[in-house]
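Undergrad: Produce the entire structure from the sequences given, and follow the hints as far as they go.
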Amino acid sequence: MPKQTSGKYDKILYAAIEVISEKGLDKASISDIVKRAGTAQGTFYLYFSSKNALIPAIAEYLLTHTLDKIKSKINGTEHFWTVLEILIDETFNITNAHKDIIVLCYSGLAIDHSMEKWEAIYQPYYKWLEGIIGKAAEKGEIICDINVRWTARTIINFVENTAERYYIGAEKDEDIEVFKNEIFTFLKRSLDEHKK
1 MPKQTSGKYD KILYAAIEVI SEKGLDKASI SDIVKRAGTA QGTFYLYFSS KNALIPAIAE
61 YLLTHTLDKI KSKINGTEHF WTVLEILIDE TFNITNAHKD IIVLCYSGLA IDHSMEKWEA
121 IYQPYYKWLE GIIGKAAEKG EIICDINVRW TARTIINFVE NTAERYYIGA EKDEDIEVFK
181 NEIFTFLKRS LDEHKK
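According to UniProt numbering, the stretch in the sequence shown is residues 1 to 196, in order.
Simulated crosslink set (DSS-like; lysine-lysine; CA at most 27 Å straight-line):
id : residue 1 : residue 2
1  : K35       : K23
2  : K188      : K135
3  : K180      : K73
4  : K69       : K11
5  : K27       : K117
6  : K73       : K139
7  : K27       : K11
8  : K8        : K71
9  : K73       : K11
10 : K11       : K99
11 : K35       : K11
12 : K139      : K180
13 : K99       : K172
14 : K8        : K27
15 : K180      : K69
16 : K73       : K188
17 : K99       : K117
18 : K69       : K139
19 : K71       : K135
20 : K99       : K69
21 : K35       : K8
22 : K117      : K51
23 : K23       : K8
24 : K23       : K172
25 : K117      : K8
26 : K99       : K51
27 : K127      : K180
28 : K27       : K51
29 : K71       : K188
No lab work stands behind these hints: they were computed from the structure.
TA: This is the structure we're talking about:
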């Protein structure tokens with residue numbers, strides 16, 4: 001299989017996101033995708049075995065995009081709570097921008113690719129946050145006697161679930177800033193060393 005970071009792979013992936021966002025997975029054809037990407041149909045099959053094979057690649061792209069956006073806003077010296085605020089903001093921004101694709105990824109991975117694939121896609125994000133949490137615990141910014149691995153997964157899932165409920169589940173009974181503040185406050189009460 002050709003290297004996944006090639007320009008053609010990226011063109012196909014971005015075109016697929018656009019076409020599927022416009023038409024839905026069922027109505028989007030490989031012909032539509034390669035036409036938008038400006039590549040030959042045979043090139044598509046160098047990277048993807050089928051249209052459904054795009055789903056895990058799109059999920060991985062969205063997650064990488066989210067993590068990259070978060071990392072671009074920090075320099076490594078921020079307090080844990082600043083990083084958490086950025087994580088919450090960027091998760092809400094990405095969820096809003098790509099809500100239709102997120103629904104597609106969830107349904108496609110649940111049906112065709114299992115939770116193991118989903119967890120594999122999340123590993124870089126989990127590991128990154130585990131490092132942030134571990135450093136915060138060492139510096140006394142948060143409680144030190146926590147399971148870092150479990151806490152990272154819980155935070156990511158909690159924030160994403162809330163963003164998805166707001167944008168996808170249309171649970172907009174409060175302003176978006178209220179949702180973000182509630183998540184932040186809940187996590188701070190749960191993890192803050194100084195609140196004990």
